[in-house]
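2 protein chains.
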Amino acid sequence: MSVHYRSPLALARLAIAQAVDAAGASAIDGYEETLDGVGGTVLESAARFAGEVLSPLNRIGDRSPARLEADGMTTPPGFARAYRMLRDDGWVSLAAPTGCGGQGLPMLLASAVTEMWAGANLSLAMCPELALGALEVLRAHAAPELIERYAARIASGEWTAAMDLTEPGAGSDLSLIRTRAERQDDEWRLYGRKLFISWGDHDLTENIVHFVLARTHDAPQGLKGLSLFLVPKKISVHGRLEPNDIRALSVEHKMGIRASPTCLMALGERDGARGWLIGGVSDGLACMFTMMNHMRLGVGLHSLGLAERALQLARHYARERIQGHDASGAACTIIEHADVRRMLLMMKALVHASRCLAYTAAATLDVAHRSADATVRTRATRRLEILTPLVKAWCSDVAVEVASLGVQVHGGAGYLEDSEVAQVYRDARIGPIFEGTNYIQAQDLLSRKVLRDGGAALGELLEDIERAARALAAASTDPLALLREQLLAGTQRLRAAVVSLIARAGEPDLIGATACHFLHGLGVLAGGWHWALAGAKAAAQPQGAQSRAVMATAAFYAAHVLPRVPMHCSVIEGGTNVLAAALTEDI
Amino acid sequence: MSVHYRSPLALARLAIAQAVDAAGASAIDGYEETLDGVGGTVLESAARFAGEVLSPLNRIGDRSPARLEADGMTTPPGFARAYRMLRDDGWVSLAAPTGCGGQGLPMLLASAVTEMWAGANLSLAMCPELALGALEVLRAHAAPELIERYAARIASGEWTAAMDLTEPGAGSDLSLIRTRAERQDDEWRLYGRKLFISWGDHDLTENIVHFVLARTHDAPQGLKGLSLFLVPKKISVHGRLEPNDIRALSVEHKMGIRASPTCLMALGERDGARGWLIGGVSDGLACMFTMMNHMRLGVGLHSLGLAERALQLARHYARERIQGHDASGAACTIIEHADVRRMLLMMKALVHASRCLAYTAAATLDVAHRSADATVRTRATRRLEILTPLVKAWCSDVAVEVASLGVQVHGGAGYLEDSEVAQVYRDARIGPIFEGTNYIQAQDLLSRKVLRDGGAALGELLEDIERAARALAAASTDPLALLREQLLAGTQRLRAAVVSLIARAGEPDLIGATACHFLHGLGVLAGGWHWALAGAKAAAQPQGAQSRAVMATAAFYAAHVLPRVPMHCSVIEGGTNVLAAALTEDI
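Keeping their order, the protein sequence lines are chains A and B.
For the first sequence, the positions run 616 to 1202 when this note's numbering is used.
For the second sequence, the positions run 616 to 1202 when this note's numbering is used.
For the record, the hints were derived by calculation from the structure and aren't laboratory data.
Treat the hints with caution; some may be incorrect.
The list makes no distinction among identical chains, and a pair is therefore deemed to hold if it is satisfied within one copy or across any two copies.
[Stated by the list, open to error] No more than 25 angstroms apart at the CA atoms, straight line, and that leaves these computed lysine to aspartate or glutamate pairs for DMTMM-like:
hint	residue 1	residue 2
1	K849	D686
2	K849	D941
3	K1152	E763
4	K839	E1075
5	K1152	E1122
6	K839	D941
7	K839	E951
8	K1152	D800
9	K849	E951
10	K839	D1093
Between the sequences and the hints, there should be enough to build the whole structure, so can you do that?
Printed below as a string of structure tokens:
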């Protein structure tokens, strides 16, 4: 029997402090006070809620997924009650903008909460996360009367939100969207099908507010012809909620996140689903990016939560399972074995690097929104553009790797569905796929965020990394000397790889062959950046147990993870002209 | 709807020819004639059987796993019929020794067949594979009357075999085995429980022959006190089969290979399970290694089969799925996108490297058993000792990686249980765990097979790799020049890493920290060895489509896979003293 999720509060606090520094967020008025004051209480209540309410439902949800029957969607036992508690305690509105019924707390704080909830129960955690993306798009693009009608209800959790983008023929390529919106008597009516709609239908709330990408009558082909519509499941008519013409046709049977109902939605089977335009006609893409940017950070945090959970389960198992002998010949738990320690340290080193990086993106978002200084906001926005795809893709790939190590630590027990780690392994595999596949993130990062400005914004990040590396002691006897050396060599190597990419600009398969390797090289370096920051602080006060653990894990990251950087750079430098040739053959 | 498994016959033939060369097997009398003659027919019939009979049952087995009810174990619909066909067509005895009712065909040929069956339906393929391990142990260790009574029935498939090693408290550490064997009136009676017993019970055959590790009454503690017993499910009494005191108590609910019944077995609930000793008392470990060595090669082949299947499914999907635009702006299938080609090429490059390596191990086994020259046999045995753990661990880790890429190529569709690739992803995850975890393989490889002789046997393999690399053209304009260069640099680098390991011999965590990285470094080089052999042949006749495909994939392997070698070597050289420190902290 595995233990329930336990929030890593000490590490979350370390990562929060580090993210404030790394994002330069301390200059925001009242920011650190909020984190120290209300933040402390929020983290502790969230930790309790995660461990006591969400975590015990995680296995139940996996075994009894949501079911669609004649009278609608039924969520797993206990989910409706847990959602009501979450709603009544005000969790949905935590980081929602105050103008939209939210509490306006820092996104950094909300990120730590999101990590906990995902670690405890990702399927359920996905539901309130959708509200935040919805509120962002309402605030940024919607007409005041639409905000008036929907924002407070979404922020309070009275109604949930759903993002209806994908269609059977339009996944990564949204230009192929065929759902149409027609103007009838001053109203919009929508017709079409939407696939893979997370929490598209359920029994948690009376109403669900769908955000639907569709094509208006005479809109241009492609992405530019898309508009975003708000399509509620039910519409208020004289104070009563009447059904709109949108419903779930089926629910997917998925490898993981089974408790979250992933729906095929039908719009306009009768007289058309009534919708309200958000932004102007053909503004859909801009609106979508507002939602997507929030969701991309969310996927990174969700993945981080799962990775932390895999680590908890593996560590717990390794401390209980007796097998083999220690150096003295006595029977021992498997955590005594060097290879098991290696796997656990790898998990811990990657998980905490993910945490610091994802939190830093959240703090950077806070700076971009809240700094009083326009130059600082601009710089933070530029940094965020790099961090967002990096966090989505790197943290989700890392979570798959960490979950797999978690299974391996369990041995045969990890392959049984009785063990929660098998569920974590299945749950984690969605991260690299949805909200834009990890290649789409990598392409966005490399072409738009790095090569387009000739590597300038990247250069700023690499300089931050180098500054952190140089703050470490250089003496070869120092435990963090290898971290310093590997980080400085790695940034140099990645810079050279980017120079080589710029020199080859225009080669046909350049981005496709190299983008994922570039993203991973940068992700590993950014993780090392945070171990350098944490290591320097620990080295200044090396006495406590936490400082020693931080320094040991930082040293491990240098020796076992950072060697990946030159590997990725070698592929970038040598691996581009090998794709075209093979396409003509039977691959 | 996915397509059924299609055996990669052309690639299997290429790999067979290459394995004969790499293992020096052509000197075995009649070997190549057999492969060319009967071998061709065998491969084609096996391919048909895999595609037409086994593959259509694969999804059914996943959805309707074996069930244990009051009247016994029921396998999924269609499995009993498929097994009967397999048995009646003589497939079980293909490579079984002729003295044990087998056909004595080369293990190399049987390996190609095993790959196909695992690719089509791993759960079912595991069942006849157990027979081969059982026959090996009977031939090597059992008394003639036991061989007489059981071998032909196992070889014909009339009865199946099961390996009962693991117990609830004894997995990786078999020294903890508690099942006891007691001598009563000239008979052995066994009492205990055995966990994770693949095909421990089923309805395919009338009888099941268990090979059970147990401890005799006054045997020493630890591994040396183990003996191996043959314990049939039913015992022939006056020509009628009567139940023995062994039964399945439960069947595991697993993440994958769900159709294969993995049982908790109880022995001796009443008057003791009657067993027959194989070898002498306390010879259990030697007997077990005989079985295990066979099973380790089997896991490599099974993993290879799954990886090939993931490639087939991904390639098929990528050729059908329309999304995005090609360079001319026209809608295209996703195989046109460079990143998708990169993933498919990565899969193909790794799968075929695994194939050549696993087949080479099988051919080396044939040489070790059949060569007329004792020196050649000794050398082959030495090589096989290196290749066996390498094939088990590297091919199974590669299969997990390839299956994950297969899911990624499918995007959201790959996360649905409707898609077979999700099953492949789940099925593949067992490979690194069972028949000795991959760390146990890595430890065996590094300590026993490499460091113990000071790297001598490893040196022979590295020299073979270098010879193959030097046979490639060196001119920098040649498409395979990078392969040559990376292989030569990689072998040098790995040699240096081994020198550094030898210099540090005795450091406490040396093996634990480095063994997996050593195994992966060597695996990647050994895969490159085979791409060099294939590339050189293709370069000699560069006209045909197959030659161009081979050269393109070999070049891809050089650019995208071989850069992993220096990464692993860096970890080996720098990553050992980072484990001890952290154990004292809260990892």
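Outcome of the hint check:
Taking the shortest alpha-carbon separations for K849 and D686, only the intra-copy value of 15 angstroms comes in at or below 25 angstroms, while the best inter-copy value is 52 angstroms. Taking identical chains as interchangeable, the C-alpha atoms of K849 and D941 are never at most 25 angstroms apart, the minima being 64 angstroms within one chain and 41 angstroms between chains. In this assembly of identical chains, the alpha carbons of K1152 and E763 never lie at most 25 angstroms apart, being 47 angstroms within a copy and 72 angstroms across copies at closest. In this assembly of identical chains, K839 and E1075 lie within 25 angstroms of each other by CA distance neither inside one copy nor across copies; the values are 32 angstroms within and 62 angstroms between.
In this assembly of identical chains, the alpha carbons of K1152 and E1122 never lie at most 25 angstroms apart, being 44 angstroms within a copy and 30 angstroms across copies at closest. In the homo-oligomer, the alpha carbons of K839 and D941 lie at most 25 angstroms apart only across protomers (19 angstroms), although the nearest pairing inside one protomer, at 65 angstroms, exceeds that limit. Only between protomers do K839 and E951 lie at most 25 angstroms apart by alpha-carbon distance; the minimum there is 23 angstroms, versus 59 angstroms within a single protomer. Taking CA atoms no more than 25 angstroms apart as the test, K1152 paired with D800 passes in neither setting, with 65 angstroms inside one copy and 72 angstroms between copies.
In this assembly of identical chains, the alpha carbons of K849 and E951 never lie at most 25 angstroms apart, being 58 angstroms within a copy and 42 angstroms across copies at closest. In the homo-oligomer, the alpha carbons of K839 and D1093 never lie at most 25 angstroms apart, since the shortest distance is 56 angstroms inside one protomer and 45 angstroms across protomers.
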